[in-house]
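Protein chains in written order, with our numbering: chain V, 265 to 577; chain F, 38 to 1106.
Don't read these hints as lab results, they were simulated from the structure.
Treat the numbers as computed from the prediction; the structure is a model and nothing was measured.
Quick reminder that beta carbons are idealized off the backbone N, C-alpha and C, glycines included.
Just to be clear, a hint being listed does not mean it is correct.
[What the hints assert, rightly or not] The list that follows gives simulated cross-link-like pairs (lysine-lysine, BS3-like), each with its CA atoms no further than 27 Å apart: (1) K603/F to K248/F; (2) K919/F to K511/V; (3) K483/V to K541/F; (4) K495/V to K227/F.
[Stated by the list, open to error] Derived Cβ-Cβ restraints for the label pairs, each shown as a range: (5) I965/F to G359/V: 14 to 20 Å; (6) N517/V to L679/F: 40 to 46 Å; (7) N604/F to N402/V: 38 to 44 Å; (8) Y966/F to D315/V: 29 to 35 Å.
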Amino acid sequence: MKKIIFLLILISSILLGQNLNDYIPNSDGFITAWLLRGTYSISTNNTRDFDFLSSLGGETKKFNIKEIISEGLDKNSWLPITPNSYIINFQEFFGKSPNKVCYALTFIESQETQPVIIKCGSDDGIKIFLNGKMIHNNNIWRGVTPDEDVIKANLNKGLNTLLVKVNNGEGGFEFCLKILSNYNQSLKNIKIKLPNNFSDEEIFKSIFSSLNIYTIYDKTDDIPKFITNIKTESSLPLNFKRTITLKLLLIDNESRLINEFYTEKINNFSDFKSKEITCKPQNIPPGRYVIKLQVLDEKEKLLTEKENIVFWY
Amino acid sequence: MNRKVIMLFLFNFISITLLLSQPNTDKILFELENYQPFKIKGWEYATKSINENSLMDSNNWKPFSGDFSTDDSCKWFRANFIIPETIANHNTKDERLIIKIEADGFCDVFIDGNYITSFNNLKGEKKFIAFEKAIPLSNHNIFIKLRQSTIISRFFGASIEPELISTTLSTIDDLKLSIQITKLLTQNPKDFLKYKKFSINQSKVSEERLKELRDLIDKACSEIDIQSLKQKKYNAFNQSVQKAYEIMNPISKFAKEYTIYVSGNAHIDAAWLWRWKESIDVAKYTFLQQLKLIDEYPEFIFSQSSSVYYEWMQKFHPDIFKRIKEKVKTGNWDIVGGSYLEPDCNLISGESWARQLLMGQSYFLENFGDIALLGWNPDSFGYNWNIPQFYNLAGIKAFITQKISWNDTNEFPYHLFWWTGVDGSKILTYFPMSGYVNSLDLNNLIGDLKQSEANTGRKDVLILYGFGDHGGGPERFMLERVLKFRENKFFPNIKFCKPYDYLKTMSDDYLKTIPVWNDELYLEYHRGTYTTQAANKAGNRRSEFELASAEKLSSIATLYGKEYPKNNFFDAWQKTLFNQFHDILPGSSINAVYQDSKEDYEFIKKIYNNEQISAIDYIAKLINSNNIKGDPFIIFNQANWLRTDVCKISLPEKYQNKKFSILDENNNSIPYQISDNNSIVFIAKDIPSLGYKIYSISDNTNDNITDKDLAASNNSIENKYFNLKINPNTGNISSIFDKVNKKEILLSEGNLLQLFEDRPTMYDAWEILYTGVKWDLNKADEVSLVEKGPIFANIRVKKSFLEESKIKSTPTTKFPSSFFTQDIILYNDIPRIDIELHADWWEERILAKVAFPININNNYATYEIPNGAIKRPTTRNNSWEKARYEVPALTWADLSNNEYGVSLLNIDKYGHDTEGNTMRLTLLRAPIYPDPHADRGKHKTIYSLYPHKGSWENAGTPNRAFELNNPLITKFISKQQGKLPLSHSFMSVKNDNIIISAIKKAETSNSLIIRLYESTGKEQATELALPFTPKSVYETDLLENNKTKLETTSNTLLLKFKPFETKTIKAEY
């Protein structure tokens, strides 16, 4: 008997070990590592309250990672995603979906039992189930705005299942969700566990496309400057150890390079949080400029580019 | 909902989570969350009559999910509740429990079916002892009858609290509010910019100072004795709160460095998802509500634009109008906007802008004693680059809008800036931080203030509030919020104000430091509105030009004694201006609105047709035409330049099937051609500026007309300017060779019809969203030469379309759904290629364009805007360029370099794009919302290629586009003995780049008003020749107020124009 139990544990750990990645919420606390399932039609018989997961044990089931992996990870079951935005857009994965329901599931490993605040926005209505218990239900027609709904909840020590159900009428179909401490602080002691079948290259691509830049034209001390913040919009996998180079360029409205004001090689990209870089251009005329972020791999190959149109006056 | 739209709202997104946490502050806020009254939930409402004697048995209840009621009679609310064992940590057993009702209006309260009490206060607290000795877990029903007492009664809910801790709960409520206010106020403005890709931070308050203040809050919170609260030692708790307030005192001083100005407004769409008749009611009830609020809150100020709404009140509800006039005098009612209504700001002509402002400001001046000083157009879909000039010329000092925050791609950088127009005029422009619909909640108020501080460096902000679209405006609860916040000593100063008064608080020195925006305010959204509802747009274009022509003719006739039909023109312009409303002309209204506008355009047409004929007949009687051979007809040129153009006149019955001649003013026979619709077509040469020539038709004079037919075959036409070839397979124009300049104009086949799948996820009529599916109509059903003669030749191309995926029932599964006929017409002596398109259009969510790949390279193309032109990139190098994938223009677009160029002219289209070398004109759309029938049916339009040597400025593209839109007017006249010669110019301008857009009688005198603009962007000194020497001449503003006296001793005036300047001249006779 002990042997059988040992074997089962071994198989489970192999299954988990092979297909499980650890993520942390992004710098704002948004969870961007999810399993999506959908779409389900809302009809005269099936309203948004219909339990479309009844064949899997229902919405109030405490989902099991093993079962999910064994079912297969694809569009026909649970689809793992780590999108490049904190807004999870179901239509990106399932196409245009009027009058539909989609689910998003994730696993949160908490180092301790703790009260938390969950903040979410959705397009349109939303239900949230934590460890099989519905903790939030907002039947509403709206666009997604972060933090519109605030829910108090408790995380158990160990693995917690968080299931989000979003219903769509017309148009946009998305949600965003962040999890914070009771005092609105980022939680340091949680990890997001996502069973997935991503290749390294897929992860590579997804992570870099989620890198973004936000620029402020700063005149607080009368010396004008651009302050650019580089950050990832999505969760970073904790074991992602690639080396990349980040560059920031200032370009004028006629596409001429004015200067390259930042270059940095980051050896372990998993550790990257965000970066704030100041640029003080000299003697540039008022007008429209472009700040461009270039991301290069170990071989200096350009992986992705992002740009901000900025104004100087 | 649509992602793009939502991202716009992110722009205004403020969240407590932006705040850096302070441990004690957050902890106290968290703890205090447990101390709240018990909210009764699960409300239901009933609108049908409820039997008060048997409330428990009444039916007809429905779940109440909203927070307000707009019913105009009484409404019942009910809920079932169980008294909890504890409320706010306090045992309820045997306690006296208070119920507090949150509602505006009078109400009667029943518990468990028994009448308990009534409240006759409209606003303020409504609380009563509901239970003397509460029984925990006992079940009860509460019924509330809310009686109509104001225009809108509101019900928000009710809560229960033990009387013993009622005061403490109020203290806690105030404390929470104070902490929330101070937390928000002491954040670094940078934190509020977190979700913006690009933002500006000019705040001069250092992070060190803010941190000191945040630490004070935290220190104060550490003094709050939560343990006493938990132990029900309420006095000790209350004392600790007072101590905390003392610690926080410096924050109060800091808060009062800031000021929030709030301006109430109601956005009323004159027609949209409802018809204009309903809007009269919308205005009525909105205004009634605002008047009532002004009576109740003497400080309250309400701003309202659009003279049409005031006119409606004056006409249909004079009592309301009278009260508005009183409130304007007391300063509580603020008139803004200055125009007849809030028009589309891309698609209307320069002359329409003049009329919108003239009609609006004249009305305000006449009825309220003053004009509006603030331009107000918060909801139109982009703003043309000439608005600063139009506003300056109409006495408007500043402009407010918010729509550009809806951009789907780029964030507009500034909220307060000088907007420089195409002519160099400047107007102070303000974008509120969060739109015009705001209900003044705490996060919005402080969030907007902090964003304003960051963006402008100022410690104040203007916030527009009030419900809108279908009217509404501010409501009592919003005003109550202002008063409540004002009572809190940690809240910044908050003042009701007129929006313009806020802008007036800014010093001249400060205004010298704000940024300048020298470009159009292009809205990166709603790009489909340049095209949707094509027939309606054609109605607008025709009305604008034909009314102007009718006025020109009538004004000239008036100088010779004819009575000026002022009222008819007023009525016609009024309807034209109304249909320019920013949901009518853009095509975003329901079908019924377009039924209404169609009737209006028929009415307008009747007026301009009648007035043109009447004026021509009058003028004709003055012409000495007795000696004309045959039957004379007049050719009138509405343009202020000597004009050679195509001329058409119906073939009189008596000449049908006979040989006849067309004779010019010198009795010389000229070539003509009879078109297939029985018109005589000829080229009229050198028709005088704003004048006429008398031609005639007579029996054959046997003159030898040697002109040959144009060289034309089934797939080619040639005149002296161009050799044009058609590909018989594709039906496209395969070559246009400029014979004079020896240049091939097309890079590849042009006049190509392109259809695009166009499926916006929402805002169907407004938006363009290409799915990537595209059809190039490269197969002609038929190509044939249908007309050929000495004047013109016409090759007709027929095409059809059936979407592959379209399922059609048998037996005609493959029969096309839409059909197109393109008549490609080349005239002798006219350097223009006209294409007359007939479309039989029955698609759904498909957009049609016509494309011309032009053999010209330039990074910029030029487009006509009202009384001006704008260069826009043909490249797509960055997000700003990419976002301009569809742009608005009036009658022409042009792609030129210094040596050569091609202008694409049109008679009733507004949507364009030029990417790389390809110029395209958007022809039709087929959205399904809000009008599922939009654009389905038959359409006719004309677009025209005008290839030219040199730049568009030198080639006179604006003049050629004017000519295409204003064909020479012809009319048979009777022979008269008169004083006027057979050829005469009534008015002219020396330089063709100066275009006369209007000649009319002055609004308040018999003087003649002449409006002119420089059309090519260069300084121009010129001479205006008037019909007679006037008694006096003034340059005026658009409102016809004299500005500068112009000296003249003859009928010639010397005028100096700045580039793209619009001038109005008043000549007294």
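In rising order, the numbers of the hints this structure does not comply with:
1, 7
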